[in-house]
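2 protein chains.
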Amino acid sequence: MSTDLFARHRETLEQALRAIRTREYWSAYPEAPSGRIYGETANADGQAAFEARLNRPFPIDQPGTVGQAGAETSPYGMALGITYPQVDPAALLPAMQAAMPAWREAGPDVRAGVCLEILHRLNRRSFELAHAVMHTTGQGFVMAFQAGGPHAQDRGLEALAYAYEEMKRVPETALWTKPQGKAEPIAMAKTYHLVPRGVGLVIGCSTFPTWNSYPGLFASLVTGNAVVMKPHSGAILPAAITVEVAREVLAEAGFEPNLVALAAETVGEQRAAAELALRPEVKIIDFTGSSRFGDWLEENARQADVYTEKAGVNCIVIDSVADMKAVARNLAFTLSLYSGQMCTTAQNIFIPRDGIPAGEGRLTFDEVAGAIAGGVRKFLSDPERAAEVLGAIQCEATAERTDRAAELGEVVLAPEVREHPRFPAARMRSPAILRVDAREAPTYGRELFGPIAFLVATDSTAESIERVRATVREHGAITLAVYSTDDAVLAAAEALAMEVGVALSVNLTDGVFVNQSAAFSDYHATGANPAANACLTDSAFVAKRFRVVQSRRHV
Amino acid sequence: MSTDLFARHRETLEQALRAIRTREYWSAYPEAPSGRIYGETANADGQAAFEARLNRPFPIDQPGTVGQAGAETSPYGMALGITYPQVDPAALLPAMQAAMPAWREAGPDVRAGVCLEILHRLNRRSFELAHAVMHTTGQGFVMAFQAGGPHAQDRGLEALAYAYEEMKRVPETALWTKPQGKAEPIAMAKTYHLVPRGVGLVIGCSTFPTWNSYPGLFASLVTGNAVVMKPHSGAILPAAITVEVAREVLAEAGFEPNLVALAAETVGEQRAAAELALRPEVKIIDFTGSSRFGDWLEENARQADVYTEKAGVNCIVIDSVADMKAVARNLAFTLSLYSGQMCTTAQNIFIPRDGIPAGEGRLTFDEVAGAIAGGVRKFLSDPERAAEVLGAIQCEATAERTDRAAELGEVVLAPEVREHPRFPAARMRSPAILRVDAREAPTYGRELFGPIAFLVATDSTAESIERVRATVREHGAITLAVYSTDDAVLAAAEALAMEVGVALSVNLTDGVFVNQSAAFSDYHATGANPAANACLTDSAFVAKRFRVVQSRRHV
Numbered sequence: 001m002s003t004d005l006f007a008r009h010r011e012t013l014e015q016a017l018r019a020i021r022t023r024e025y026w027s028a029y030p031e032a033p034s035g036r037i038y039g040e041t042a043n044a045d046g047q048a049a050f051e052a053r054l055n056r057p058f059p060i061d062q063p064g065t066v067g068q069a070g071a072e073t074s075p076y077g078m079a080l081g082i083t084y085p086q087v088d089p090a091a092l093l094p095a096m097q098a099a100m101p102a103w104r105e106a107g108p109d110v111r112a113g114v115c116l117e118i119l120h121r122l123n124r125r126s127f128e129l130a131h132a133v134m135h136t137t138g139q140g141f142v143m144a145f146q147a148g149g150p151h152a153q154d155r156g157l158e159a160l161a162y163a164y165e166e167m168k169r170v171p172e173t174a175l176w177t178k179p180q181g182k183a184e185p186i187a188m189a190k191t192y193h194l195v196p197r198g199v200g201l202v203i204g205c206s207t208f209p210t211w212n213s214y215p216g217l218f219a220s221l222v223t224g225n226a227v228v229m230k231p232h233s234g235a236i237l238p239a240a241i242t243v244e245v246a247r248e249v250l251a252e253a254g255f256e257p258n259l260v261a262l263a264a265e266t267v268g269e270q271r272a273a274a275e276l277a278l279r280p281e282v283k284i285i286d287f288t289g290s291s292r293f294g295d296w297l298e299e300n301a302r303q304a305d306v307y308t309e310k311a312g313v314n315c316i317v318i319d320s321v322a323d324m325k326a327v328a329r330n331l332a333f334t335l336s337l338y339s340g341q342m343c344t345t346a347q348n349i350f351i352p353r354d355g356i357p358a359g360e361g362r363l364t365f366d367e368v369a370g371a372i373a374g375g376v377r378k379f380l381s382d383p384e385r386a387a388e389v390l391g392a393i394q395c396e397a398t399a400e401r402t403d404r405a406a407e408l409g410e411v412v413l414a415p416e417v418r419e420h421p422r423f424p425a426a427r428m429r430s431p432a433i434l435r436v437d438a439r440e441a442p443t444y445g446r447e448l449f450g451p452i453a454f455l456v457a458t459d460s461t462a463e464s465i466e467r468v469r470a471t472v473r474e475h476g477a478i479t480l481a482v483y484s485t486d487d488a489v490l491a492a493a494e495a496l497a498m499e500v501g502v503a504l505s506v507n508l509t510d511g512v513f514v515n516q517s518a519a520f521s522d523y524h525a526t527g528a529n530p531a532a533n534a535c536l537t538d539s540a541f542v543a544k545r546f547r548v549v550q551s552r553r554h555v
Numbered sequence: 001m002s003t004d005l006f007a008r009h010r011e012t013l014e015q016a017l018r019a020i021r022t023r024e025y026w027s028a029y030p031e032a033p034s035g036r037i038y039g040e041t042a043n044a045d046g047q048a049a050f051e052a053r054l055n056r057p058f059p060i061d062q063p064g065t066v067g068q069a070g071a072e073t074s075p076y077g078m079a080l081g082i083t084y085p086q087v088d089p090a091a092l093l094p095a096m097q098a099a100m101p102a103w104r105e106a107g108p109d110v111r112a113g114v115c116l117e118i119l120h121r122l123n124r125r126s127f128e129l130a131h132a133v134m135h136t137t138g139q140g141f142v143m144a145f146q147a148g149g150p151h152a153q154d155r156g157l158e159a160l161a162y163a164y165e166e167m168k169r170v171p172e173t174a175l176w177t178k179p180q181g182k183a184e185p186i187a188m189a190k191t192y193h194l195v196p197r198g199v200g201l202v203i204g205c206s207t208f209p210t211w212n213s214y215p216g217l218f219a220s221l222v223t224g225n226a227v228v229m230k231p232h233s234g235a236i237l238p239a240a241i242t243v244e245v246a247r248e249v250l251a252e253a254g255f256e257p258n259l260v261a262l263a264a265e266t267v268g269e270q271r272a273a274a275e276l277a278l279r280p281e282v283k284i285i286d287f288t289g290s291s292r293f294g295d296w297l298e299e300n301a302r303q304a305d306v307y308t309e310k311a312g313v314n315c316i317v318i319d320s321v322a323d324m325k326a327v328a329r330n331l332a333f334t335l336s337l338y339s340g341q342m343c344t345t346a347q348n349i350f351i352p353r354d355g356i357p358a359g360e361g362r363l364t365f366d367e368v369a370g371a372i373a374g375g376v377r378k379f380l381s382d383p384e385r386a387a388e389v390l391g392a393i394q395c396e397a398t399a400e401r402t403d404r405a406a407e408l409g410e411v412v413l414a415p416e417v418r419e420h421p422r423f424p425a426a427r428m429r430s431p432a433i434l435r436v437d438a439r440e441a442p443t444y445g446r447e448l449f450g451p452i453a454f455l456v457a458t459d460s461t462a463e464s465i466e467r468v469r470a471t472v473r474e475h476g477a478i479t480l481a482v483y484s485t486d487d488a489v490l491a492a493a494e495a496l497a498m499e500v501g502v503a504l505s506v507n508l509t510d511g512v513f514v515n516q517s518a519a520f521s522d523y524h525a526t527g528a529n530p531a532a533n534a535c536l537t538d539s540a541f542v543a544k545r546f547r548v549v550q551s552r553r554h555v
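So the sequences go chain by chain: A and B.
Number 506 in UniProt numbering belongs to position 506 of the first sequence; there are no gaps in the numbering.
Number 318 in UniProt numbering belongs to position 318 of the second sequence; there are no gaps in the numbering.
So that you can see chain A by itself, here it is in the shape it has in the complex (with noise of 0.2 Å):
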């Protein structure tokens, strides 16, 4: 069965192996919600399989279950009613650890292909995890499958085609034949084991529950770990059905499914990741979320190796454009999609006072900030695709900081309290545009998490990259937007990206935005800056995750 999955998904991973190659576009799952890709069904087979899942408890046989643990809430307005194992990490731990020698054993393509299969069937449910993803982070319903299936699905896959890679340019055995001028040369046979850390802790956010968390959860399971998935308490079930499905199919493929366990707890109570990350057997974290609790990790978890993706505050330069329009409709959305709550949402805007070349003619600063306040009201006009892009407010904290921030500015447009076409309870906020003066870093140089954007007004050009520098450099960024017809303004924002270590989109306009981020393309993050440790897609992500042990021995 294990060698055969392997066979199975060999020219998916090949192909995955030659896109990290050359970064071209490739994906391995359609991202298109299609009944004519996943079947005429495959949609209310999803739905239904959603609905079941409320109101009662997600079965999961781990050792170490001590109780109930759970109690989220939609964003669009319901209580799921589910609730999971809550654990105790002494029991469930070295149960974990008790599985890993045969899961070594197996070595890295049987691993691979059972890796696979698992990410085939999570493809398969991708409707199933699109309804677990919109309820529990808020995110509109397309979004929320293509982010949530297929896009995470190619993530996962990426961070296991680096770690596949990495582990096959280790050979297996070597024969040493060292010549000794005219006597018999000196020979030996050498082993080289890939010897897996220990347990991996993949420690999930509220916003992007499997995007974030795969490439951690293939990475360590991959080179041979046990992993332990403790998602956000606000969104459990994405990981849940992630869990459900990785110990299928490891026990279908012969080996202990404690391999991958799950580890949840109540909204409100913050303890378990902490408990777990500090635990001896916890020998790689994976984490996406605050600052805060990043930095902790860093700081405190000194037995793992820790990979963090944390807060950050994203910038845009626009120095002159050649068709104003078409830049604030690239930037209505933007701001609009998931209502700014992606870590990659630009939200500062760096303007010069004295206003932009154009192609229409010169542009003063508030003819600029209409423009992208009316593209943003405009693209919001129709109520469906409002809801839809925007989405819901994953939590009650991010609601009422947009409610509160005309507070911070000059507003340029209002933030506003929606409602769902389909769930009049929804949390929706459209998103709040405010006008600052550069020298009020204070107020725009931290990150404000939702539906937030400033319109910095600056000196010059050169003021807005000196400020995007200083901003970057302290508090980090993941993405990076600069609007010029200028190649000397376009060359120093390059400069700057390498500088301060961030992705750089140039003069967006048409259908790619500067908060998307394309799997076997885009590197995510850089590890080069506070917003994260770590690119969760290269091989420094995943050359750690696994060690060489040799033996050596006279032929």
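These are calculated hints, taken from the structure and not from any lab test.
Every value quoted in this text rests on a predicted model; they were computed, and no experiment measured them.
Each hint should be verified, as a subset may be incorrect.
The list treats identical chains as interchangeable, and a pair is accepted whether it falls inside one copy or across any two copies.
Restricting the straight-line Cα-Cα distance to at most 30 Å, the calculated cross-link-like pairs of lysine-lysine (DSSO-like) are [unchecked claim]:
id, residue 1, residue 2
1, K378, K178
2, K378, K325
3, K325, K182
4, K325, K178
5, K378, K182
We have chain A already, so just place chain B on it with the hints.
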């Protein structure tokens, strides 16, 4: 000039890339200190070059020089009388940072060419380096030539090859073309910049000032970082020559020589490494030395990635042997070589107190002990050979520890103060071998650096294995050897090696010794036990030394 260098050394790099893929025997730099290879006058020239260094300042024209430091004394008896620039990090490090943009911009091929030329010139100066290493570390001349010259150069090239391959896995550009059904595809041009981390700090040890430092030096340099070498105050000269060669090649290739700099200090000061390690400019630290300072670096230099090789307690398990004489001959060399001052030398030899099966018939514990002690005695009975193999003791503390070794257990072989045939003031000691009981773990379970070995009497091989497990888990190890004619015992040793993450040598009796680690084939350290948090020769050692920063724009 700089692209020429890549072309000139390309074949060497390609062979190195093949070697790290197969881990079969390969070496770039001939290990024989032979006039036929290095030129008939190479030895005399090297000695003259070394002697010309003595009793004067070593000239390195680098920024931030605030005085002179250094007071090295040869373990063979004479003061070297050389001083080196003492630096102000606040002046030196910004100058090194300023040199990095052009170095980054040059790209991996040009940087690799320059680094390969540095290695090539170091190789041509192997005789001079041999004298420098001999008269700082105390190694015998041939060992100083090999370990300090070609073997160190091979290790540098090996790390360079891993880093080069890792960089080359990132494409420079990609055309990302995403299909849009019947509409025009979305096309974006992406550029992937390799960005260095900052200044690398290489903190050397007193016993292998080049071998243990070159992997970090070349891994950091080729990935675009600047590197400051902080050698041990007792072994500055080999690092200073290295820095001199690197600066010379960098300048000739049109780069700022300050990409490589030296930070020296006088014996007993012990401030410079800690001061440098906490500087914000320093983003990578490679350290070889004590566990105390290595742990301190890991704990405190939080702005940097820290790679450490620290103390360990290497073990041998003797279960059964085909030929005790052959085993004893092998161990005699292992225990004698460089007076046990290698990070790979065995300290604890576990033997069942009831004796072992042997090809010669059953041997009692005392017979095994006698064979080992007799082997050492016989091997060192020739004063010329003893002088060449033992070398001298690097520091007085190690000599004193050896002199007091008889207090540690029942003396099987008493250490002797030896006289060197050509250096009457040399600090020489022959190995001490003590018998202890397995229960005396507080005595043998810590590193006692130098020529001190324990024969540990256990109830059984099963207990031997348990004792090794406990020792390595707590104190770490870089090597483990087992002697057994029983496949079940060999399998248990292999499982133990994987569990505690230590390289295993099986039944070494011919011309390979547990303390030898061959570049391009043996992985040095694992990063999986307390003796080292990294392997010196794998992807994990290099992958984080640069980051990928992308930019993208519509086509």
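Homo-oligomer pair classification [K182, K378; C-alpha up to 30 Å]:
between (85 Å within a copy, 27 Å between copies)
30 Å Cα threshold - placement of K325 relative to K378:
This pair counts as within: shortest intra-copy Cα distance 12 Å, inter-copy 90 Å.
I want to check one pair: K325 and K178. Are their C-alpha atoms no more than 30 Å apart within a copy, between two copies, both, or neither?
Result: close only across copies, 24 Å inter versus 70 Å intra.
Alpha-carbon proximity context of K325 and K182, limit 30 Å
between (80 Å within a copy, 25 Å between copies)
Using 30 Å as the alpha-carbon threshold, which applies to K378 and K178: within, between, both, or neither?
Between copies, since 27 Å is at most 30 Å while 74 Å is not.
Going through the hint list in order, the structure satisfies each hint without exception.
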